[in-house]
Amino acid sequence: MGLSRREFIKTGSLLLAGLSSPSFAQRIFEPAISVENPLLYYPNRTWENFYRDIYNAESSFVFLCNPNDTHGCLLNAYVKNGVITRIEPTYKYGLATDLYGTKVSHRWEPRCCNKGLALVRRFYGDRRVKGPFVRKGYYEWYKAGFPRDEKTGEPPERYFQRGKDKWLRVSWDEVSDIIAKSILNIAQTYSGEEGKRRLENQGHYTKEQLEVMEGAGTRTLKFRGSMPFLAVLRYVGIYRMANMMALVDQYIRNVPPEKAKGGTGWDNYSEHTDLPPGHPMVTGQQTVDFDLALWEHSKLVILWGMNPYGTKMPDSHWLTEAQMKGTKVVVISNDFMASARTADKVIIVRTGTDGALALGLSYVIMKNKWYKEKYVKSFTDMPLLVRMDNGKILRARDIIKGYIPKTLSKTLVYKPGQSLPPNFKQDKQLIPENIRIQDIDDYVVWDLKTNSPKIITRDDVGEDFLKLNIDPALEGSMKIKTTDEKEIEVKPLFQVYLELLEESYTPETVEKITGVPAKAIVDLAKEISENAGNTKIAGGMGVNQYLHGDLTQRAMFLLAALTDNVGKVSGNIGSYAGNYRLALFNGIPQWNFEDPFNIELDPTKPAKVKPYWRGESQHYWADEDTPLYVGNTLITGKTHIPVPTKFIWFVNNNSGLGNQKWAYNVIMNQLPKTECIINNDWWWTLTCEYSDIVLGVDAWHENRFWDMTGSVTNPFIHVWPRTQHRRYFDTKNDLETYALVAQKLSLLTGDKRFYDYWKFVFDGKPEVYLQRIIDASSTLRGYKIEEIAKKCEQGIPSLIMTRSYPKFVGYEHTIENLPWYTKSGRLEFYREEDEFINAGENLPVYREPVDATRYQPNVIVAKPHPLMRPKKPIDYGISDEEALKITKYRQARNVIITADELLKTKHPLIDSFGATHIIHTPKFRHTAHSATGDVDVVALLFGPYGDFYRHDKRMPYITEAYIEINMEDLKKLGINDGDYVYVDADPQDRPFIGWQKRPEDYEVARALVRVRGSYSTPKGVGKIWFNMYGSSHGSVKGTKINRNGLAKNPETGYQSFYRRGSQQSVTRGWLKPTLMTDSLVRKNLIGRDTGKGFMLDVHCPVGAPREAFGKITKAENGGLGNKGLWRPLEIGLRPQNPRESFKKYLKAMYVKIV
Amino acid sequence: MAKVFNWQLNREVEYPYESHKVKKQFAVVMNLNKCIDCQTCTVACKTTWTPGRGQEYMLWNNVETKPHGFYPIGWDVHLMEKLEEQNVQQIWENGQYKGKTIIEAAPEGERVLGWMPDDLDWINPNIGEDETSEPVDIGTIIEHFPNPIWMFYLPRICNHCSYPACLAACPRKAIYKREEDGIVLIDAERCEGYQECVKACPYKKSMFNQVVGISQKCIGCFPKVEQGLQPQCVTTCIGRIRLMGFINPPNEVVQDNPIDYLVHIKKVALPLYPQTGLQPNVYYIPPITVPLNYLRQMFGPGADHAVEVYKRMREGNEPELQALLHLFGSTQFIPHKFKVDGNYVIGYDEKGNELVRVPIVEPVQFRPMHDERYDVVRQDIT
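Chains C and S, in that order, are what the protein sequence lines are.
Quick note on numbering: this note's numbering labels position 663 of the first sequence as 893, and the sequence is numbered without any gaps.
Quick note on numbering: this note's numbering labels position 202 of the second sequence as 220, and the sequence is numbered without any gaps.
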């Protein structure tokens, strides 16, 4: 007997439990009511209160939803009986303002998305981490006093069965003790000569790695927050923790503060492959972009490998509203993705060849002289002269003996030890004297008016250059005498680019490379030049996330610069991936670099800043925890060398481990070398599965402390509101987890400074730290934290005070004539540094993808040019064959072939492995990275396989992962739409090195997915969405022992979207040589100071998560329980097998209009 | 059978009950040129109204990719098949529908020409997502309207029809149309779960709750509408494609009523499969990228004109329409009237109070570099 409808109505809730289907026959009929005409009159409508009761809430409060999607939305949570029942937008963005009274409009409404509204089902979900947990084996290791091998210092393997172990719930007090003791023990173990000897005996690390440790075991402690810009206290706080490790070092090695070393801080933006590494090469600073609200100010918008409808959802309306006003949109993509839906033009390009396309477009514009001469001459390197003898750009000192560089007015050149203005008062770029003299000097152009060389400085850009009355040559070849009396040939870089493009990247050649018809290339070039200064080029992960993204970006920038589309309201270029720009809060050193030896305890005073932690790219850890050697040659630059990794503290981070590129190699081969892995999170992710300690922290609606965030795609700053909502579980704020460990360290070491370092957290007033950041930030100074926080608690954000609303990068240069952060102060497309010359990438060339191609991978596709002089494999002591086939070496194989030759080559895996498909892993609308996509109501819609009732018990979850391929490929492979398939990439290292001998681990790591045949994907390309949670040992075990077959870890509740493996089964880590230089001059991450070589999140490896080439093999039938066809296919409603009526419907033959 | 006038078909149609004019008729306009398929509407609706047992599969609001997506699977292919089975010729002549409606074509002994979906038809609610009509390949260039290779997103809620099939089919007379706003409701107390409405609704927007044993459907968010607010699927629409208001019959058009303006005056928003004869009240601005024959099949003979007008607007030749479309999403309240004032469009409530005023082009504003008051250098690259 079921619940009666009366009771159903009375409960006032739709969350009914334990019911079976009612029997109608047993129903007590309602009293007869006569309804004559229900269109006219209905007698009793009191039942309607049922829905009114559901809708009416008892109270509401505002919280911030802020995954790494660049948006950040204040949302209203509606509460009933102490539980949030639904979430809505605030509709108060139109009230945002700044200190100057700048007004925005309600066109910003509504701010929310599918993921944010679904949080109502995540906040109380079964995967909430309900407190502190320690893996049983780790707990035993701690209890046993961290026993280690005498010779190597390695802990016994029996304590380290990660992913297969049980978990223990402990108290916050005990977990803090475990972490504090782990820190001390590990730092101690690897400190000093003894520590070095242990690491040597482990036999894995190179000598450079041990040298850069400088004897400090604290360097082996790695700290990695979620994207720091998302919550500057919580996520940057872990880097403050890294700085505090200097106190640990002092305690262990008894060194004075000036010799103490902090921990190691890992990268975020570059670790996610979100950094466009070509941007710092061209502009000298991190990234150029613009708020997406500016779309409507341009006549032409090019979405290049960017899919805003999937990843920039709340801002997409600015694009469609621009179209309503006549803006034309061009989409360039390797498949027909969502944003192509409304485009005015769609161009489908061969995967990974976008750089060649940009070069082809640039060629057409240069050849036809459609470029904007004034901009080209005054803001780019194109008039600079390059030496044809050594490939270096000509300097004044080359031709004038004893030349002393001119005094600069737009730059502050400083001497070592000179005190510099704080970031918020820097009205000039800062350049250290040695870089000014050694790397920059002054440049030379050829003046056509006087037919002679003229010296220019980096000040001479824009209008200030034009005032010099020089007309620099762009074309031709000149002879010039150097100071050593040699006559050398020099050419303007424009001439060199034109020669390169004329030989190698004409529309006809580019058609061969990209597949895009030559005519379409000419047409688009024309369209862009007709909209010169009025075009926005928005690049996305589709161009970033290949190994040669940097070359693609250099080429795209060339195109933008030729057409005066940089740094204007109406024209600009942008790269969109990740909410990266912590630098917008450039007062952040107040927080992450406060001097732990000199702590400021007066809340009204600024902190004293001293950096102790060392930045490092996490890619090395994910790539065997060593720098890149090719043959016997060390390719990684000295400034980049990674330290061995023994301890990791992740904060709210699934990308660092669970969804890491080459995740299964990391899990199977790298994790055993790391001794302690901690992860803070409020949701049990794949990273938690393989951690040793998981700290359950407050979810976003339980936030106890104000915190602050901004965005790279909108002009808002948000304060994370403080909530009155109850904490349902034994969770802490992330800040409290750091403070508790610091407190334990004080106890264990007797040093009170650990505690003092977090004093205002203990006092319940961490906003002191926020106000310090605000007061020291050029975009925030003037705001009072209390005021902007209170507004946010009402749903109203404030505006970030950059130079404009909406904000964009480039205004200060293009309009105010400031130099870019490059050596020449101009946009530089040529890279003269040795590392670039060695790689054959001094010129902006096109390279094949390193794996994602059916042709020979990683070759430079060009005709020889006298300035192209790359090192060959033999120079590194390896054969060409080895360099091609061994993936690790391939990334440094610099072989030049022409486009015609390329088309005759093959990827070696075609013959050796039967590989057929490029496999790429883009991001989708249903999740932000892996966050929130697994909530049932969202997952239901993620892909074509959603089924709440899981009729097919093979399904890992209520939906599942799939690879999408072209319909013709289906036929060729003998596979049907909806079948299960294995997806395998290069067997030498994927899914992990050594899989052949580890069948149990291989079962976990090998990707098993459904296949979808569609028309939207070109032949030879397979697409698996990036965002779905992958398999763990526990989830695979779940598929075998759970009675319902769910891929859910019976021990932890972790839920996979895959029965086996994940999209990361086919990827690997890559370390591109030109991203590891010691010579690239670039602005530091924060502030306007300049440095060289490695810079966290600016110049370091980015990996290449879209690079894979593999094969697809049928595993099982798509029909229920492995029988027959997948039902939609069987009933003729799929394109593979449409029934007659469906065909007629598709051709629209049912309706006739006369 | 009564005869009622259906302005969408431009003729009288058969209906089991006499026509009755409601005081106001709920209507939503959806601009399909702006839908990004974010599914926020779907999740907003689901978390608000259908999170319970027996409702797992229910999406009162769904978004499907046309032409390969459906919820439930094949619903509109079925509609075409059913009409064909009854030998209905779907012919429009000079703007008048000459074929039979699903009520007129009902088989002997039935009130409506309907079909009952299989349980399994409701699974895979996002089948066909992002799939194009024809294959793309490397080097494909799509640059002319209508596109030879296309797809579009179709968000769907209950149409709150003027002549609802669900209401006509209900043997219990437990479905009614509200006098004050024209919203169609299934009385949860009186419904017996016969599922005739599920079978009858050609749009398949009536769904059966097996746990409670009753049929349920979109309620037009009447608890919000009663408070002057637009429904959840509208106020959470970040594509800003939706506007809810009240529509008047064509002979009582109010010039500055946004819905009347779009449907009756500009005729840019069209009903979904009007040939059902139910006079549905969700109106779609058709996607200009899609071939016209498909649009005519789905939205009737007005498709050509609607596409033409929208294109003209993009060229700058329909400034008032262009301005009005910027009002979509700008307020959570129901705009009864609108006005265009230079770079601004203004929405008003029922009493004529201003609800919101938004610019058609968002102005760009600049700040000086040196701020002496706060002793700071404002910068873009920090």
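Don't read these hints as lab results, they were simulated from the structure.
Take the hints with a grain of salt, since some may be wrong.
[What the hints assert, rightly or not] Computed footprint of chain C on chain S, listed as stretches where at least three residues anywhere in the stretch have a Cβ under 8 Å from a Cβ of chain C:
1) 197-206
2) 266-277
3) 294-304
[As the list claims (entries may be wrong)] Okay, derived cross-link-like pairs now, EDC-like style, lysine to aspartate or glutamate, Cα gap no bigger than 16 Å in a straight line:
4) C:1014 <-> S:393
5) C:1249 <-> S:152
6) S:357 <-> S:326
7) C:1374 <-> S:390
8) C:756 <-> S:161
9) C:1249 <-> S:103
10) C:558 <-> S:161
11) C:1377 <-> S:99
12) C:1374 <-> S:103
13) C:655 <-> S:390
14) S:191 <-> C:266
[Claimed, not checked] Heads up, incomplete: computed chain C residues facing chain S, CB under 7 Å, no partners named:
15) 337
16) 347
17) 662
18) 664
19) 668
20) 1011
21) 1012
22) 1015
23) 1248
24) 1381
Please read these numbers as outputs of a predicted model, since none were measured by experiment.
For each residue, glycine too, the CB sits at the ideal point set by N, CA and C.
Here's how the hints hold up against the structure:
For the segment 197-206 of chain S, the stated coverage by chain C holds: 4 residues have a C-beta nearer than 8 Å to a C-beta of that chain, and at least 3 were required. For the segment 266-277 of chain S, the assignment as covered by chain C is violated, since 0 residues bring a beta-carbon within under 8 Å of that chain's beta-carbons and 3 are needed. For the segment 294-304 of chain S, the proposed coverage by chain C is not satisfied: 0 residues have a C-beta within less than 8 Å of a C-beta in that chain, short of the threshold of three. A threshold of 16 Å between alpha carbons decides the hint, and for residue 1014 of chain C with residue 393 of chain S the separation of about 15 Å falls inside it, so the pair holds.
For the given pair, residue 1249 of chain C sits about 13 Å from residue 152 of chain S by alpha-carbon distance, which is consistent with the 16 Å threshold. A threshold of 16 Å between alpha carbons decides the hint, and for residue 357 of chain S with residue 326 of chain S the separation of about 23 Å lies outside it, so the pair is violated. At roughly 71 Å between alpha-carbon atoms, residue 1374 of chain C and residue 390 of chain S are farther apart than 16 Å, so this suggested pair is violated. With a C-alpha separation of about 15 Å, the suggested pair residue 756 of chain C and residue 161 of chain S falls inside the 16 Å cut-off, and the hint holds.
Annotation: proposed proximity of residue 1249 of chain C to residue 103 of chain S is violated, straight-line Cα distance about 38 Å (limit 16 Å). For the hint pairing residue 558 of chain C with residue 161 of chain S, the CA-to-CA distance comes to about 11 Å; that is within 16 Å, so the pair holds. Annotation: proposed proximity of residue 1377 of chain C to residue 99 of chain S holds, straight-line Cα distance about 14 Å (limit 16 Å). Restraint check: the Cα-Cα separation between residue 1374 of chain C and residue 103 of chain S comes to about 14 Å, which is no more than 16 Å; the hinted pair holds.
The straight-line distance between the Cα atoms of residue 655 of chain C and residue 390 of chain S is roughly 11 Å, inside the 16 Å bound, and the hint therefore holds. A distance of roughly 8 Å separates the Cα atoms of residue 191 of chain S and residue 266 of chain C; the hinted pair therefore holds under the 16 Å criterion. For the restraint placing residue 337 of chain C at the interface with chain S, the shortest Cβ-Cβ distance is roughly 5 Å, inside the 7 Å limit, so the hint holds. The restraint placing residue 347 of chain C at the interface with chain S holds, with a minimum CB-CB distance near 5 Å, inside the 7 Å limit.
The beta carbon of residue 662 of chain C comes no nearer than 18 Å to any beta carbon in chain S, farther than 7 Å, and the hint placing it at the interface is violated. Against a cut-off of 7 Å between C-beta atoms, the interface hint on residue 664 of chain C is violated, since the closest Cβ of chain S lies about 23 Å away. Look at residue 668 of chain C: its Cβ only gets to about 24 Å from chain S, farther than 7 Å, so that hint breaks. Taken as an interface hint, residue 1011 of chain C checks out: its beta carbon lies about 4 Å from the nearest beta carbon of chain S, inside 7 Å.
Restraint check, residue 1012 of chain C versus chain S: the minimum CB separation of about 4 Å is within 7 Å; hint holds. Taken as an interface hint, residue 1015 of chain C does not check out: its beta carbon lies about 15 Å from the nearest beta carbon of chain S, beyond 7 Å. The beta carbon of residue 1248 of chain C comes within 5 Å of a beta carbon in chain S, closer than 7 Å, and the hint placing it at the interface holds. The interface hint given for residue 1381 of chain C holds, since its Cβ lies 4 Å from the closest Cβ of chain S, which is under the 7 Å cut-off.
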